[in-house]
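K.L.:
Chains A and B, in that order, give the protein sequences. Position one of the first sequence corresponds to residue 1 (the numbering used here), numbered consecutively onward. Position one of the second sequence corresponds to residue 1 (the numbering used here), numbered consecutively onward.
Hints were generated in silico from the structure; no laboratory data involved. The model shown is predicted, which means the values in this text are computed figures rather than measured ones. Hints should not be assumed to be uniformly reliable.
[Said to hold, decoys possible] Beta-carbon label-pair distances, calculated as ranges:
1) B/Pro-31 <-> A/Pro-7: 33 to 41 Å
2) A/Pro-87 <-> B/Val-320: 48 to 56 Å
3) B/Val-320 <-> A/Arg-374: 50 to 58 Å
4) B/Val-74 <-> A/Arg-298: 33 to 41 Å
5) A/Glu-234 <-> B/Lys-263: 52 to 60 Å
6) B/Ala-231 <-> A/Thr-319: 36 to 44 Å
7) B/Gln-219 <-> A/Gln-376: 23 to 31 Å
8) A/Gln-102 <-> B/Gly-148: 52 to 60 Å
9) B/Lys-215 <-> A/Met-373: 14 to 22 Å
10) B/Val-320 <-> A/Ala-241: 32 to 40 Å
11) A/Met-373 <-> B/Tyr-216: 19 to 27 Å
12) B/Gly-148 <-> A/Pro-7: 45 to 53 Å
[Unchecked claim] Below, computed lysine-lysine pairings styled on DSS-like, alpha-carbon distance capped at 27 Å:
13) B/Lys-263 <-> B/Lys-237
14) A/Lys-323 <-> B/Lys-215
15) B/Lys-323 <-> A/Lys-215
Cβ coordinates follow ideal geometry from the N, Cα and C atoms, glycine included.
There are 2 protein chains.
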Amino acid sequence: MTHSARPLLRDLFDAAVAAADPHLRLPGFLPEVPRGRTVVVGAGKAAGAMAQALEVHWPGPLDGVVVTRYGHKVPTRFITVLEAAHPVPDQAGVHASARILQAVQGLTADDLVICLISGGGSALLAAPAPGLTLADKQAMNRALLRSGATIGEMNCVRKHLSAIKGGRLAAACYPARVVSLLISDVPGDDPAIIASGPTVPDPTTFAEARAVVEKYGLQDQVAAYAHLCAAQDETPKPGDARLVTAVTHLIATPQQSLEAAAKVALNAGITPLILGDSLEGEAREMAVVMAGMARQVRRHGQPVAAPCVLLSGGETTVTVRGKGRGGRNAEFLLSLVHALRGDDGIYAMAGDTDGIDGTEDNAGAILAPDTWMRAQSLGLSAADHLANNDGYGFFLALGDLIVTGPTLTNVNDFRAILIL
Amino acid sequence: MTHSARPLLRDLFDAAVAAADPHLRLPGFLPEVPRGRTVVVGAGKAAGAMAQALEVHWPGPLDGVVVTRYGHKVPTRFITVLEAAHPVPDQAGVHASARILQAVQGLTADDLVICLISGGGSALLAAPAPGLTLADKQAMNRALLRSGATIGEMNCVRKHLSAIKGGRLAAACYPARVVSLLISDVPGDDPAIIASGPTVPDPTTFAEARAVVEKYGLQDQVAAYAHLCAAQDETPKPGDARLVTAVTHLIATPQQSLEAAAKVALNAGITPLILGDSLEGEAREMAVVMAGMARQVRRHGQPVAAPCVLLSGGETTVTVRGKGRGGRNAEFLLSLVHALRGDDGIYAMAGDTDGIDGTEDNAGAILAPDTWMRAQSLGLSAADHLANNDGYGFFLALGDLIVTGPTLTNVNDFRAILIL
């Protein structure tokens, strides 16, 4: 088994990514071809690939426009694929969002809008509400991030500063029927949260958004606060007549990707244990906890007996203290190297299913029992690299980065710890 | 089931503590009564209780001296129980260590020394090597803690500055036979690490201890460094003739306590899953990871189906930023409250099996689905208390502290997350 541990880990990752591939997942969720037009809109890291897959499998005429991240465009024939900035929005995103809102104007009840939504869509759908600029929204967003507001509070404010989020896109499509196909990268797979729910009713109100701003004393964000106080044009609420025919399908989720990897492990004679599809926490600390679990497998055959693989998804946090390179997954693995110190029989991989770990060119990296000794022989200190947040540099020097390029889908991070 | 979740969690904790009770564990490990004298020595949080249990069950005459933490003394008839400071050593510990070394002088091959070792013993056995003061040792210890040295490197230096650690106590007993009875509170249950292994051979050398000090540039610890350079009287090495007859028994371990709790859960119809007996990491981050696992049980029935309980042992870390009160377990639970936000059906408890969470009067605390709402109605913010490291204050206000007093044993922390 030992000699094939590395390729097995790579197979698990590839299976997780494949399970979220729009070309494989999307055909099962296509609605009936309408009597009228079919207009396609969408946003997210997978928007280009979803548009391409839809074109291939759609039996009728269609046209439309979607926005994806720079570098994530793919060839299409009928749907325009625009690119914009992520995670910090730019004017290209503002332009793309305006094009999307324009594309759904003047439709009838005989028409169909297919909305292709995936992770990253929130930043790419940068449509400030009338009277606001992108700079106004971004300033409030930064203030919220510093304020200690919960994610729910932040989303409430964001939706009320946007011309497209919180169900407004679906409302703009009325009276056309709206079918949303979603690839989830969020805990709980809530359609109202994925890309800030452009086609999902929003139960929160202007009054609540105002209360959040006042609670954290952010009234000095003058333009945004004034907009919330004016409180015109509320987001569509649950039961809104314009959205009652809207349908939402989750076509890919982190859990499905974990299940796909689990199946590959089972076929290889390895017991899979799925710990969670949306685990969070500081990356380096999660690694310490999981190192303890891996050792428990070795010492006591718990929580399951070896050979086994501990699988998890979800987005960790990296508190940046150093100046090194690398995303969440490299940081997680580097801490795991440090915690395990070459423990026998323990392998691991971690990667972002979108193919880009943070802002580097790698999807993730791989760890083997010999990583510790090989690093020492190269004069690489895991502790020093960890102090410098330099997971990328560490695994680059070892030749243990996993590079896939953009996968054109996104079900968040994937981690596998293999214990033989 | 719901109405009995709290008492069940308390039962699990009590079972974990009982599984490490010297009165229950020690009788199974008693050696033959010797032809000569039986001398009892020892150190640790459980030393008093172990001495008491030994007196009750020992069929022959005995005498001796052990040292335990202030407040942990219990009545004994033949064995003197001294008290000293923990975790920072004091002169009472120096005095007690000298008494212990004196007690094992002049023994013969017909005599038996029973050495009772438990967690905390390292601080209580404060015996500076000849020529050094307690202040010298403590200064070096503080410098090591700041230096980034690994625990293995620190222990190597500590053993070479001590007159009693690293096997020296066993060597002092020669030619008497030495039987050590240990209660483990360390990952891996290595007898050389528990209380710094006073009766276990030490493979490390003065040269290595010197190299550690030089590696981290701590030569300004003049007295301690000079002692390491003089390099006389090496610690007993594996194979040392004075220690070849020494025997070591682990009479209680964190794993055994987890297994005992698992049995109680099973009997209550709850599936236990032991995640690890020595999980480490920052307490608040471990809680975030485990909140994700608990939610996975609720949403996907993984890694096991509810009703289940996730059990773990091992010592977390708390990076103190605030001025609040509370130990590792209160911090863990407070972060769990914050991460779960009152998720339905999830209960938890965490406590130190020694009965003292950090430096407070509680062993731990308890969390229920209503904790979040009850805290809000009292105006208690979990986020604010977490920022202030005030887990004790939070659970005190809720009436949810678990108070046992010193349990007179110690198999480290115990955590249980119950998902119904």
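K.L.:
Next, verify each hint and record whether it holds.
P.N.:
Hint-by-hint comparison with the structure:
1. A hinted range of 33 to 41 Å is violated for the C-beta pair B/Pro-31 and A/Pro-7, which are about 53 Å apart.
2. Range check, A/Pro-87 to B/Val-320: Cβ separation about 32 Å, and the 48 to 56 Å hint is violated.
3. At about 36 Å, the beta-carbon gap between B/Val-320 and A/Arg-374 misses the expected band of 50 to 58 Å.
4. Judged by the Cβ atoms, the range 33 to 41 Å given for B/Val-74 and A/Arg-298 holds: they are separated by roughly 38 Å.
5. For the hinted restraint 52 to 60 Å between A/Glu-234 and B/Lys-263, the CB-CB distance of approximately 57 Å keeps it satisfied.
6. Distance hint for B/Ala-231 and A/Thr-319: a CB-CB separation of about 43 Å, consistent with the stated range 36 to 44 Å.
7. Taking the beta carbon of each, B/Gln-219 and A/Gln-376 are about 25 Å apart, inside 23 to 31 Å as hinted.
8. Checked against the hint of 52 to 60 Å, the C-beta distance between A/Gln-102 and B/Gly-148 comes to roughly 58 Å, which is consistent with it.
9. The supplied range of 14 to 22 Å is met by B/Lys-215 and A/Met-373, whose beta-carbon atoms lie about 19 Å from each other.
10. Distance hint for B/Val-320 and A/Ala-241: a CB-CB separation of about 55 Å, inconsistent with the stated range 32 to 40 Å.
11. Between A/Met-373 and B/Tyr-216, the C-beta spacing of about 22 Å keeps the proposed range 19 to 27 Å intact.
12. Judged by the Cβ atoms, the range 45 to 53 Å given for B/Gly-148 and A/Pro-7 is violated: they are separated by roughly 36 Å.
13. Note on B/Lys-263 and B/Lys-237: the hinted pairing is violated, with a Cα-Cα distance of about 41 Å set against a maximum of 27 Å.
14. Between A/Lys-323 and B/Lys-215 the alpha-carbon distance is near 24 Å, which keeps this suggested pair within the 27 Å criterion.
15. This hinted pair checks out: B/Lys-323 and A/Lys-215 have alpha carbons roughly 24 Å apart, not beyond 27 Å.
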